[in-house]
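Produce the entire structure from the sequences given, and follow the hints as far as they go.
Number of protein chains: 2
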Amino acid sequence: MQRIEVYDTTLRDGSQGEGINFSVYDKLQIAKKLDELGIHYIEGGWPGSNPKDASFFREVKKLSFKRAKVSAFGSTRRADVKVEEDRNVRLLLEAETPAVAIFGKSWTLHVQEALKTTLEENLRMIDDTVSYLAGKGVEVLYDAEHFFDGFKDDPDYALKTLKVAWEAGARVLVLCDTNGGTLPFEVEEIIDRVWDYFNGSRDVVLGIHAHNDSGVAVANTLVAVRKGVSHVQGTINGLGERCGNANLCSVLPNLQLKMGYCPLNEEDLKKLTEVAHFVYEIANLRPNDYDPYVGRSAFAHKGGIHASAMLRNPRTYEHVPPESVGNRRKILVSEQAGRSNIVHRAKEMGIEIDPRDPRLFELVQKIKEAENYGYQYEGADASFEILLRNTLGENIDLFSLKGFRVIVEKREEGETITEATVKIDIENEVAHTVAEGDGPVHALDNALRKALKPYFPDLERIKLTDYKVRVLSEKEGTAAKIRVLIQTTDGEKEWGTVGVSTNIIEASWNALIDSIKYGLWKTINQKKH
Amino acid sequence: MQRIEVYDTTLRDGSQGEGINFSVYDKLQIAKKLDELGIHYIEGGWPGSNPKDASFFREVKKLSFKRAKVSAFGSTRRADVKVEEDRNVRLLLEAETPAVAIFGKSWTLHVQEALKTTLEENLRMIDDTVSYLAGKGVEVLYDAEHFFDGFKDDPDYALKTLKVAWEAGARVLVLCDTNGGTLPFEVEEIIDRVWDYFNGSRDVVLGIHAHNDSGVAVANTLVAVRKGVSHVQGTINGLGERCGNANLCSVLPNLQLKMGYCPLNEEDLKKLTEVAHFVYEIANLRPNDYDPYVGRSAFAHKGGIHASAMLRNPRTYEHVPPESVGNRRKILVSEQAGRSNIVHRAKEMGIEIDPRDPRLFELVQKIKEAENYGYQYEGADASFEILLRNTLGENIDLFSLKGFRVIVEKREEGETITEATVKIDIENEVAHTVAEGDGPVHALDNALRKALKPYFPDLERIKLTDYKVRVLSEKEGTAAKIRVLIQTTDGEKEWGTVGVSTNIIEASWNALIDSIKYGLWKTINQKKH
Chain V
1 MQRIEVYDTT LRDGSQGEGI NFSVYDKLQI AKKLDELGIH YIEGGWPGSN
51 PKDASFFREV KKLSFKRAKV SAFGSTRRAD VKVEEDRNVR LLLEAETPAV
101 AIFGKSWTLH VQEALKTTLE ENLRMIDDTV SYLAGKGVEV LYDAEHFFDG
151 FKDDPDYALK TLKVAWEAGA RVLVLCDTNG GTLPFEVEEI IDRVWDYFNG
201 SRDVVLGIHA HNDSGVAVAN TLVAVRKGVS HVQGTINGLG ERCGNANLCS
251 VLPNLQLKMG YCPLNEEDLK KLTEVAHFVY EIANLRPNDY DPYVGRSAFA
301 HKGGIHASAM LRNPRTYEHV PPESVGNRRK ILVSEQAGRS NIVHRAKEMG
351 IEIDPRDPRL FELVQKIKEA ENYGYQYEGA DASFEILLRN TLGENIDLFS
401 LKGFRVIVEK REEGETITEA TVKIDIENEV AHTVAEGDGP VHALDNALRK
451 ALKPYFPDLE RIKLTDYKVR VLSEKEGTAA KIRVLIQTTD GEKEWGTVGV
501 STNIIEASWN ALIDSIKYGL WKTINQKKH
Chain R
1 MQRIEVYDTT LRDGSQGEGI NFSVYDKLQI AKKLDELGIH YIEGGWPGSN
51 PKDASFFREV KKLSFKRAKV SAFGSTRRAD VKVEEDRNVR LLLEAETPAV
101 AIFGKSWTLH VQEALKTTLE ENLRMIDDTV SYLAGKGVEV LYDAEHFFDG
151 FKDDPDYALK TLKVAWEAGA RVLVLCDTNG GTLPFEVEEI IDRVWDYFNG
201 SRDVVLGIHA HNDSGVAVAN TLVAVRKGVS HVQGTINGLG ERCGNANLCS
251 VLPNLQLKMG YCPLNEEDLK KLTEVAHFVY EIANLRPNDY DPYVGRSAFA
301 HKGGIHASAM LRNPRTYEHV PPESVGNRRK ILVSEQAGRS NIVHRAKEMG
351 IEIDPRDPRL FELVQKIKEA ENYGYQYEGA DASFEILLRN TLGENIDLFS
401 LKGFRVIVEK REEGETITEA TVKIDIENEV AHTVAEGDGP VHALDNALRK
451 ALKPYFPDLE RIKLTDYKVR VLSEKEGTAA KIRVLIQTTD GEKEWGTVGV
501 STNIIEASWN ALIDSIKYGL WKTINQKKH
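Protein chains in written order, with my numbering: chain V, 1 to 529; chain R, 1 to 529.
Everything labelled a hint here was simulated from the structure, so no lab data went into it.
Mixed in with the good hints there might be a few duds.
Note: identical chains are not told apart, hence a pair may lie in one copy or across any two.
SDA-like, lysine to any residue: derived pairs with alpha carbons at most 25 Å apart [to be verified]:
| id | residue 1 | residue 2 |
| --- | --- | --- |
| 1 | Lys468 | Asp192 |
| 2 | Lys368 | Asp26 |
| 3 | Lys481 | Glu419 |
| 4 | Lys32 | Asn265 |
| 5 | Lys468 | Asp26 |
| 6 | Lys227 | Arg193 |
| 7 | Lys453 | Glu413 |
| 8 | Lys258 | Asp192 |
| 9 | Lys69 | Asp35 |
| 10 | Lys468 | Lys481 |
| 11 | Lys481 | Ala54 |
This is the structure:
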């Protein structure tokens, strides 16, 4: 079986993505993760383009990797200068990486419009730069920028640039779809032509670098491998300029689990989901739940029929086992869901119910009614667990609400004042507190905490991390029903709660109460065990 | 050139996506948009699965579409029952749609594991259901569920199910990759085998329904079309269960701009970006900026060589012109660009400004500050016009705010009471009013109208039609900044206003004031002319 080498450019091409900005420290963290995953090449940056990248290359030398080679990215020398006098080429060498990626122009349009030089000089620029760097004992990977577009305009010239790079000592010729406009069958046809040009000689090593502007970067990468390409470039989560690069989190499992290649070893592939989420965190992007293989919803089952068949035989609705990429199966409770979903969810919470238990029918009814009213338990596992335990006759309430009041007041151009009072019964005492806040919900949260803290010092650790508001049936304008979703953490676990009402304060309050109630019950429960 | 028909299942398969929950009103709004876009079929839901879908089909009949046929989704009859006695089949007929999509099992594993019936009975179920519905004069589309997986396990049986459905009167045989595990070259090989089976007879109409679990749903759809498939299914933004369905926002421009098919007409394709963002809004999902073609970053160019070459010749870095899908190129917007942009928008409002007018600088500054704070004028044309006119020294205020107060109070299990007081200066008098409401914003709206009605009887005609809340910087929990968008109508025109604050009441109030202010000013202005 042909060997596939994986070249990750999350730190270079990925960081070109809009809104993505890695610090040197971020980059070092990610590099370590990529090595743990078993990636062969890590492209660290473009030393010529900014000082941050230069300092990354100084720092990364201090790390020792189990497998990954670090690579620096740069362009061929400028037109009409000696290669040894080219600043960009000098900085590449100063990065002192075992490998460098040099991009050169394959597209006559770019040679003339962007570089504003002659086709002949462009060939000399490729030749000089590759042979000079190879001569210094550096492994040179040649990125044929805009290769596919260039080929469509002028195949002979595009192919010539590859030949020059190969003969100058490039170890790999990477065919780049820089603008991401090429479709899978075009990639296949053009790669056939490239092999013909080199008389099918397999000494030549080809690579693929795809962008996702047409939504087919992953497919383009896979069909290229089927055509004998053995060097694959991409980024974690498909980060990258415009619509991003080929997503390695889809490419790698497809190659490994479906096409019989082994870019990574089986155990390392199980780290994929963790690495994907880690990179989202570092990039400060919210993870895309719908990502193939690694997304939170990638193995989520909503339909009732689905779920029951799925539990009998996962193959019926799962294309691969979630564990193979370190992800997990998720059975959703929703109006489409049946009892089997609930039984399974309950089991996850450590609650055994007999599928024939009559209380289960009661629960299904409650959920249906709640969802008709506007509740949604998918993002609110804690509210669901409370509902479940209550239905099973277990009471987890540590306090009960006597009442609350919120006042929001504005005078002339003065600032808006928000005050909340809360009155609760707790351990046979009445706690009555008042607090201010940035807004009504914030004020209620502050007042409630003031009331509870004397009884539950653990409350300190419980923090709201996310607050979502969804207006249902918008056509009713300001009298519409409102759903509030709150995410809470105690530093270890996260849980979600939901509240619905035509009154946004009440909806928020309900979600807030569930979140605190659940958090306190959990901490006390854990202490018991 | 072969005709391609587009079948959208955003409202059915799309609503199976985790966290997606459309109201009947949401679904009707989306259906209208899909028809404007020129979609051929709109799958509205599964009448058998929940009451919400049934009521959608009642409502949608009242709408008239320029081209779209509405379709209802359901399964073949249950095993061992008469088709005319099958509840699900009955509900399908009661939906009274011109078309229905019937899914049947192609995979022996599913027949045995999920349906728990015999292979023969499954064939009868397909035959009975399709011929029964076709006999009722309904157009029947047959969804061959798990066709590709079924084919891999037992090609003969999978093909037999197609034959049965075709001979029973299905108009289209839709090959479904239900688990999304199939790769493009497998799709090509298997479709070849299907054509062989039907002796290449092109009377047979094939369709494709791809899921994105392998990250190649778009590619699978494109290669299927290249293999002669003429019916394409998918969803807007690729919404759908797990990793979603084939994203029509990528499939359609690829077919139209690159492969020479015309699923939509050229003018309609320009609505694609708007429709994509509309559906994200309704689904209350944050748009994915990196989406191919329609994402905000899809044509974003970072500065430097890139941008300058791009401006000389867009072809150098753009695979298609952004306008062709109604998107925009994004380059660091210079002050100059910002100003000409505003001059253009002002003209649309009938206001002539000299591009060198110093007040423009002031306005650009105000907008920048507002947008940094969290304002967004895209959905708030009226708030923008107010800002513009104020900056130009025109005062459109017919009243001024002295203050407001909102009290929300809850006691024990009693109902929540909401009371708002409003104090305004108007025509040198002070109006001080109080009102209750379903929620704080509703109460404020009522109190404000009470105060204004004596002076502006026209207020009757001004109604809020939409109220949206988006939490910015969600990570700050209940102290996060909140943006409220309000849509208002006077029966003829609609206008949008925006308010932002860490206090949801204040944010709503600001949007509310703008909406009423603008509405009154417009009616009075119209009377003048």
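Checked hints:
no., hint, verdict
1, Lys468 x Asp192, "neither (49 Å within a copy, 48 Å between copies)"
2, Lys368 x Asp26, "between (33 Å within a copy, 19 Å between copies)"
3, Lys481 x Glu419, "both (24 Å within a copy, 18 Å between copies)"
4, Lys32 x Asn265, "within (17 Å within a copy, 50 Å between copies)"
5, Lys468 x Asp26, "both (13 Å within a copy, 19 Å between copies)"
6, Lys227 x Arg193, "both (11 Å within a copy, 22 Å between copies)"
7, Lys453 x Glu413, "between (35 Å within a copy, 24 Å between copies)"
8, Lys258 x Asp192, "both (23 Å within a copy, 21 Å between copies)"
9, Lys69 x Asp35, "within (9 Å within a copy, 53 Å between copies)"
10, Lys468 x Lys481, "both (14 Å within a copy, 11 Å between copies)"
11, Lys481 x Ala54, "between (38 Å within a copy, 21 Å between copies)"
Going through the hint list in order, the structure does not satisfy hint 1, though it satisfies all others.
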